[in-house]
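All chains, please: the whole structure from these sequences, using the hints.
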Amino acid sequence: MKASHWVIGFGVLSAVAMAAAPASAGTLETVKSRGQLVCGVNTSLPGFSAPDEKGKWSGLDVDYCKALAAVVLGDPAKVKYVPLTAKERLTAVQTGEIDVLARNTTWTMSRDTSLGLNFVGVDYYDGQGFLVKKALGVKSAKELNGASVCVLAGTTTELNLADYFRANGMKYQSVVFDTGDQTLQGFNSDRCDVLTSDQSQLYGLRSKLPDPGKAVVLPEVISKEPLGPVVRQGDDAWFNVTRWTLFAWFNLEEAGVTGKNVGEMLKSTNPDVKRLLGVDSDLGAKMGVGNDFAVAIVKAVGNYGESFERNVGKGSPLQIARGQNALWTKGGLIYGPPVR
Amino acid sequence: MAESDVFVPKPSLPPPSGSVGVAGWMRANLFAGPFNTALTLVALWLLVSGLVPLFDWAVLRGHFSGGDAQACRSGGACWLFVGERFRFFIYGFYPAGQVWRVNIVLAVTAAAIGALAWPRTPGKRFLVPAAIVGVPALTLALMHGGVFGLPVVATDQWSGLTLTLVLSVVGIVMALPFGIVLALGRRSKMMAVRTLCILFIEVWRGVPLISVLFMASVMLPLFLPEGVQFSKVLRAMIGIVMFESAYMAEVVRGGLQAIPRGQFEAAAALGLGYWRTMGLVVLPQALKLVIPGIVNTFIALFKDTTLVLIIGLFDVLATVHATIVDPAWPAIAIEGYLFAALVFWVFCFGMSRYSQALERKLHTGHKRN
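Quick note, the sequences are listed as chains R and D, same order. The numbering of the first sequence is the numbering used here, which starts it at 1252 and goes up by one. The numbering of the second sequence is the numbering used here, which starts it at 36 and goes up by one.
The hints are simulated quantities; they were obtained by calculation from the structure and are not laboratory data. No experiment lies behind these values; they were computed from the predicted model shown. Do not take every clue at face value.
Lysine-lysine pairs mimicking DSS-like chemistry, simulated, CA-CA at most 30 Å apart [to be verified]:
| hint | chain 1 | residue 1 | chain 2 | residue 2 |
| --- | --- | --- | --- | --- |
| 1 | R | Lys1305 | R | Lys1331 |
| 2 | R | Lys1511 | R | Lys1537 |
| 3 | D | Lys338 | R | Lys1307 |
| 4 | D | Lys159 | R | Lys1305 |
| 5 | R | Lys1338 | D | Lys396 |
| 6 | D | Lys159 | D | Lys396 |
Derived coverage of chain R by chain D (criterion: at least 3 residues anywhere in the stretch with Cβ under 8 Å from a Cβ of chain D; other residues may be distant) [as the list claims (entries may be wrong)]:
| hint | region |
| --- | --- |
| 7 | 1304-1312 |
| 8 | 1340-1352 |
| 9 | 1450-1462 |
Cβ coordinates follow ideal geometry from the N, Cα and C atoms, glycine included.
Laid out in structure tokens, this is it:
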């Protein structure tokens, strides 16, 4: 009698749980019916995603979210930003708490293959570097034997650091911090000789030192850090939309379409441009969005190059050069497969 | 009769000039003996060598107004930064056009706390339940919206000092009653109730708050069926209330144990049942005894709310964290953290002073001085 009570109770509970789970609609339909894109971003990484004084998010990763919202919902403002720490970001994608993660996440094999995630592409090629005090007279990372190194906890940075020193037969002592700012404070107050982080962050951190001229970024780049958006594995329609939003962003720059000239470009006779902007193609509709999805992107945030310069390049305090992040036609690695 | 018959005492001599006034106080308290003198001088030297550069940095060379980030390049404290980000520190991501709703909530909460704290407010008997039910209801209605035609502001946009206050006020208001119930349960004669309460208290007290929050934020969603989500703020709030009520229970239990057996027996002799014994006789005395412990827990709770920053919620400290990395401004971390420290100090000191006033008011002669 008692046992049957338990069984009934359990049955009711699981029925409630089942009822609560929606008939698993694709993310694309979910986003459209919700009327809002839920985008996981960094809690604060200048140039990529950071809140301004009015609490508005901006940055390269944020621009990707806006572009995606423009593609799917036709309005770059229809985004809910979920600030995530490094530790909880991947869980947030796995559980469906967010639709897409645009949080400077490094594409690695284990993340891609064993965590139920798919990397959409690469929107920023980063690499780990070293910031040292000029007074030490160090010219190369190979001279860093015995150094104490300030590093951020729980990131691939920590692992790369160990690998690099082991591969070169050098010893080091790591001084671990939880945020980039603490790392910088540690470096500034001589807790360590060297600060290691992705190069995109090193320049930003250096600019915040009381005297930026006293520190120098070493030439070695010791790791590949391809950063890009992440979605859940197993939803191909959504994966396609996120991926081709990114590629269209690159192709817009390659085709020379900017936020300013998009009106004239719509009248262009160049067949590549016409296909990209959906003037005489139905490529967008086949993907489940508007044919003019690329126009929506460029109107929302400009092309990739414009967004890059505005957020991390010449138009920003970070002053990061395009380098590897230039288009493939200009010696970089940014390459969008053809839209046709 | 001559008036000279009356005894007129001579006025006593004034005390030696060295033992009264400022000089006397200083001699008694600062320069009594060579050891004291040395201590005073060392302390004075430490104060001067610490405060003078601080004053110079913060005030004399500080930047208070005018100009932008570039004005701060010349060194000195950059209060401009705090000024420019002040709105963000207080309201965080709350939509700018809706900020008045937060202001009303803050004003009403402050008024309610003030009215309850003021000893001569009339009609407290009705005010207390009204405040305990009304203020949270008003807070939810106004801040979340969706009623009276107010646009909805989802909880993930609650941030800054607003979030800190919401988390801590909810924590305080909920943890005390839960804690009292748990403390009574732990001393109950009913086996099942007692075991459950002991289990609850020891489990929650045995894990760090940070891991509670982490579980709530990272692990819990993995166990929930797909598509079922509830707000991170709510998850953090429940975690904080559970955690703090376990602590509160032990504080209250300390008070209950200090009540002599005679009080229970006297109450029983008067024919009072369990609840009336507790409510009318035991708890008023027990809670009064443990005011310092209760307020201690409140203050700890208030400061513990900053831990939500590890799960990506923006409390006041996290908003400071998020803005001091702005590369447009030179080194601004210290100013930001000083601001956060000041905010916390004001609230914690306020709570501490109020508890002391309350102790004095409720002082009924048991206290040894």
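Going down the list of hints, with the structure as the test:
no. : hint                     : verdict
1   : R:Lys1305 with R:Lys1331 : 16 Å, holds
2   : R:Lys1511 with R:Lys1537 : 28 Å, holds
3   : D:Lys338 with R:Lys1307  : 27 Å, holds
4   : D:Lys159 with R:Lys1305  : 40 Å, violated
5   : R:Lys1338 with D:Lys396  : 49 Å, violated
6   : D:Lys159 with D:Lys396   : 16 Å, holds
7   : 1304-1312                : holds (count 3)
8   : 1340-1352                : holds (count 6)
9   : 1450-1462                : holds (count 5)
In this structure, the hints that do not hold are numbers 4, 5, in rising order.
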